[in-house]
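Asks: Given the structure of chain A, go ahead and fit chains B and C onto it with the hints provided.
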Amino acid sequence: MPKLLLEMSGITKEFPGVLALDNASLNIYEAEIHGLVGENGAGKSTIIKSLAGVYQHDSGSIQFGSKSVPQMTAAVADELGIRFVHQELHLVPHFTVAESMFMGQELTGPGGLSVRQMRQQAASTLYDSLGADISPTALIRDLSPAERKLIQVARALVRQGTRLIVFDEPTAPLAAAEVQQVISAVKRLREKGISVLYVSHYVGEITELCDRVTVFRNGKDVGLIDKDTKRSGKELIRLMVGRDLNQLFPSREHLVGEVFLEVNSLGDGDKFTDVNFAIRGGEIIGLAGVLGSGCEEIVDAVVGLRKVKSGSISVRSKKVRVGSPSAALKKGIVLIPRDRRSDGLFLNLSVLENINIATLQDVSTVGIVSHKLSEQRARQMVDQLDIRPGETGRQARYLSGGNQQKVVLGRSLAADAQIFVLDDPTVGVDIGAKTEIYRQVSDLATAGKAVLISSNDPAEILGLCDRVLVIVRGKVVSEHRSQDLTKDSLIEKMTQSITREELRV
Amino acid sequence: MSKVNLEQTLRKPRRIGVEELKGFLIRRGPLLLFGLLLVVLAAGAPAIVSATSISAILVQASPIAIVAFGLAVVVIGGGDDVVVGGIDLSIPAGAALSAAVISDQLTNRGASFAQAFVFGLLAALLVGVINATLVTVVGLAPILATLAVSASVVGVIRVLTTNRRINVEDPTILWIRDTSIFGAPIPVLIMLMTFGLFGYVVHRTRYGMRLRTVGGNLDAGLSVGLKPRILVPSTFIWGALAAGLAGVLLVARGSGMSPGIEERLLVDMVLATFVGAAFSSKNIVTILGSMLGAILVSFMATGLILNRVDNSWVDGWKGVLIMLVVTAAALQTRRSRQ
Amino acid sequence: MKIANLEPNQLATWQKAVLWLFKYAFLFAFIAMIFYFSVVSDSFLGGSNLMNIARGSVVVLLIALALTVVISSGGIDLSVGVALDFGAWFVIIGMASWSLPWPLAVLAGLIGGSLIGALNAMLIVVLGVTPFLATLGTFFIGRSIQQIGTGGGASVSYRKAPEDFQAIAQGESLGIPNILLVGATVLLVYFIVMELSTHGKRIHALGIQNSAARVAGINTKKYRAWVFIIAGTTAAIGGILLSSGLRIYTPMAGFAYLLDGIAAVFIGASLHRGGRPNVLGTLIGVLFLATLNNGLDIMGIDFNVKAALKGIILVLAISAAVLVSNRLPQVEQWFSRQKRATTE
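Residue numbers (my numbering), protein chains in the order written: chain A, 1 to 505; chain B, 506 to 843; chain C, 844 to 1187.
One chain only, chain A, in its complex shape (with noise of 0.2 angstroms):
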């Protein structure tokens, strides 16, 4: 009967208007590999950041190694044996592979640092624990991304008293044969008698790792799968998706004209390679494809944030080279992008000057900009697209997310684009507002516009693109017309394991 390491019961967890973890329950046996998977918004990093002291749970018990845990903190985390591996990367690259192994937690000796001992320990860690033939004097900036994936694993492991490692997404930016090395080294954690929890879209990484898999949705655990189930892939998803399909997409009439936008070959050396497709104004075509996939990349390409290395691009017809935003505008494709805090809006302007920025010179007269002008084309925007709080003068930073969104959008549609590229553009919104741009995508299409959406929300797809594409590791692996896939069939085209892809390639 194997042991008990993590028991989580009750977890519940509210946020100002969000019920983020309803009494659920996540229990982990000693050098066990668990999963965790979910779709975004299932609770899945809520969770997980209770463990990690980040957030303090309302009500519910964590039990570690039968020791009851009355409060959680990053400390407590650590004391215990609890590691985790974030999806994001924070190295230095011009550090070696011993020294960003030991950051922040140096080993010293009479002298000073112990440069020979990090450099024996990180070596024989990569070595002994995970199979890993790197250098430790090799720097960071020259490793692939499993590599140093993989120095990331190995941080949590030089550490004394390891017993339990998160894992969070972690095979999300890595090209098909690195997802191997990563799999292989968690193998022989296991072998180590350390637990994993490893959270991943990957339901084919899932099935082939895990020694058992907790399926999260709506902020619950809704399910507990076994290996030796049969067809446990199948009942993951079924599992993940549940049966409530609500009608959130509006239906339309697909009125469709010419090609807008043509993309031949496209490959970016790196990330996509051999990309076709077309699309037609009016058509809304959808790129399918969980993170890491490539989606993001193709969809930089079209706007012009990406440097691309084969194949053409055209705009109705015309071959165009597109090396910056500001070349897709004057050729019609505005963007719509996924980090709106960053990439998208000016936080600390106004709703006004936000949906203005790229359109300036038609609210200005003799290159002077008119208020007056700037206020009619944020009021139409806002009316447009019942954009709340309804003052332009307000600083976009105090907006909702889902506003933030309609800012953006407004500002595209002032632009007068003909193709729209919309990365993700529903990314930590809710449900009130998704309605609303939903609403406003299918105008778009409505009007005549050509619109390219990149997504890893199944749903989503379906439920707005005439066409979707679906992308696997940087290759179009399918194209359907929406009506012929279900979300299960979806999800399982895009998160296919690497075996099975392999034996395709």
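No wet-lab data here; the hints were simulated from the structure. All figures in this text were calculated on a predicted structure; none of them were measured in a lab. Ideal Cβ placement from N, Cα and C applies to all residues, glycine included. Don't take every hint at face value.
Pairs of lysine to any residue, SDA-like flavour, derived with a Cα cap of 20 angstroms [to be verified]:
(1) A/220 - A/89
(2) B/732 - A/105
(3) A/307 - C/1054
(4) B/732 - A/89
(5) A/331 - C/1062
Selected chain B positions facing chain A (Cβ under 7 angstroms, derived; list incomplete) [as the list claims (entries may be wrong)]:
(6) 709
(7) 710
(8) 711
(9) 714
(10) 721
(11) 724
(12) 725
(13) 728
(14) 729
(15) 730
(16) 731
(17) 763
(18) 787
(19) 789
Replies: Same frame as chain A, but now just chains B and C:
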């Protein structure tokens, strides 16, 4: 190199050839040019490689190297972002202040060398504390803070010295200026000891590694629990220490203190520190690099003069040098980002 | 998720007064300084003295305006002093060595400054060097070119400069000194461009959030390049005024203006709601420094003491301005929290 990279490398052989050459040139270009320059200068004026000449070059380089160490620590700990931390333009002024205080103590107040040295050091440290406070507590951008402090310190020096030269005949100072131990002049020995101290602290202590972490990637430092609000201001204290020590050498070199020495020192210090980055295999600012940079700058200046190049052209070459280094660094960052 | 923010009309009067005091603390300090000087010296507030202040502040203003536009775009320019020098130099040589009629010499001066700006633009936009190092390098190169060109740093004078040229800085039109007219014109142009026009808004967007500006379709490369060229040209105007007034070009004279310029920009930025550099704020900063300078002069303080005092007061002034503007949001939050506490 890992297996994955090896495969990728083998898959595209021809392109790697050109790319590698370009990379090598960009990485080592400045160094190659330095080497070439030194060879050309030595060829034109062979006298430069004599023992006395080398000795003089090293002595000249010593105060430059020491202030460069100070700037290097500030840059290493503050990082690339000029707004958050990472520049201290007041170190030369601090050195001049230290020199002024020392000279004033020795000549005008008949103090002992020990007392004069302590006062000079304290004066420089006070400047460092002011810098640290302005940047951390008040929240001024370091470029503005240290520039303003520098101007104030220069003003204070002028009051202290009534804008006139102070002659120093103190025996300890003269001893520093004139003596050599085992063929190494005292100033050079002081430079080497300071090098030892700064190099050890930055590269061999836990504190130094934390400085390098926070300066290398602020987010990395924060994510591992370091405290930049304490680490970054401490770099200005090191800068001030360097200034204080350099002041002694300045007094020895000039047999006193002349107004306006800080201007030349500023140029040479910045040059030494940033050119010195080319000497490190990782192309970052280092303590050793700063020392080599100072020696290079000194060698170049002497070499040009011995080659009968006009004084004004010497500055010109310094400008070209920093342009080269700075451009190469920028091109390198661009390539690594792609 | 609801986010708390301040409704201005919910504050008590005394709280509004405190906020107002905070926001304009620097102006009060400025007024206090004027008061002090006028008490210490009878001639301070006299017409001719005020005119002196105004005239003496024009060159600094030009440098500060150049820096305003560069810092607004998110950069820094350490070579403005050198651009000023080139302006001063080319205009003198233009007349003395190349025998150009003075208007063409003025044009040569402007080109001189814009060359410095162009060099910066190339380094920063084309090669991708950070503005700090790039303008530092330009500063060095510009220095050395001056050294070489003047054979070691000697001044170049041109006593025979035509009257009309001298009139630029020394003459009057309609009773107003020309130098003030030049300054006011440049100020007006900058105000219109930076505060009112489309270009100014875009430049500010660059500095506020470069990534967002890019995505929004602003041609960031073009604007960054132009910003440096404009700065160089503006600094050159200052140099031309200097040459006109003194009929002499002194190498490296421009460096002294760098600190005053940067300080003025930051002082001005602290007076702005969003902490952004702005034309009017820069003007106030420049006037503050000019007044400080003048006041210390009038007090007849020892030359050296004056240098020290000026530096120290400058540090204190900037510190006060920045400290206060940084703490303003905190005070606002504290008040709003008080308000909410009492109403709950």
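Asks: Now tell me, hint by hint, if it's right for this structure.
Replies: These are the hints, each one checked on the structure:
Proximity of residue 220 of chain A to residue 89 of chain A is assessed by CA-CA distance (about 29 angstroms); at most 20 angstroms being required, the pair is judged violated. Annotation: proposed proximity of residue 732 of chain B to residue 105 of chain A holds, straight-line Cα distance about 14 angstroms (limit 20 angstroms). Distance hint between residue 307 of chain A and residue 1054 of chain C is fulfilled; the C-alpha atoms sit about 16 angstroms from each other, no more than 20 angstroms. Distance check on the hinted pair: residue 732 of chain B and residue 89 of chain A sit about 19 angstroms apart at the alpha-carbon level, within 20 angstroms; holds.
Among the hinted pairs, residue 331 of chain A with residue 1062 of chain C is consistent with the structure: their alpha-carbon atoms are about 14 angstroms apart, no more than 20 angstroms. Proximity of residue 709 of chain B to chain A holds as hinted, the smallest CB-CB distance being about 4 angstroms (cut-off 7 angstroms). Restraint check, residue 710 of chain B versus chain A: the minimum CB separation of about 4 angstroms is within 7 angstroms; hint holds. Interface restraint check: residue 711 of chain B against chain A, minimum CB-CB distance 5 angstroms, threshold 7 angstroms, status holds.
Because the closest C-beta pair between residue 714 of chain B and chain A is about 5 angstroms apart, less than 7 angstroms, the hint holds. With a least beta-carbon distance of about 3 angstroms to chain A, the hint placing residue 721 of chain B at the interface is held under the 7 angstroms criterion. The criterion of a C-beta within 7 angstroms of any C-beta in chain A is met by residue 724 of chain B, whose closest approach is roughly 5 angstroms, and the hint holds. A hinted interface residue such as residue 725 of chain B counts as satisfied when its beta carbon comes closer than 7 angstroms to some beta carbon of chain A; here the least separation is about 4 angstroms, so the hint holds.
For residue 728 of chain B, the interface hint holds, the least distance from its beta-carbon to any beta-carbon of chain A being 5 angstroms, beneath 7 angstroms. With its C-beta approaching chain A no nearer than about 3 angstroms, residue 729 of chain B sits inside the 7 angstroms limit, and its interface hint holds. Given the 7 angstroms rule on beta carbons, the hint for residue 730 of chain B holds: about 5 angstroms separates it from the nearest Cβ of chain A. Among the interface hints, the one on residue 731 of chain B holds; its C-beta lies about 6 angstroms from the nearest C-beta in chain A, closer than the 7 angstroms criterion.
Checking residue 763 of chain B against chain A: minimum C-beta separation of about 40 angstroms lies over 7 angstroms; hint violated. Annotation: interface hint on residue 787 of chain B holds; nearest CB of chain A at approximately 4 angstroms, less than 7 angstroms. Proximity of residue 789 of chain B to chain A holds as hinted, the smallest CB-CB distance being about 5 angstroms (cut-off 7 angstroms).
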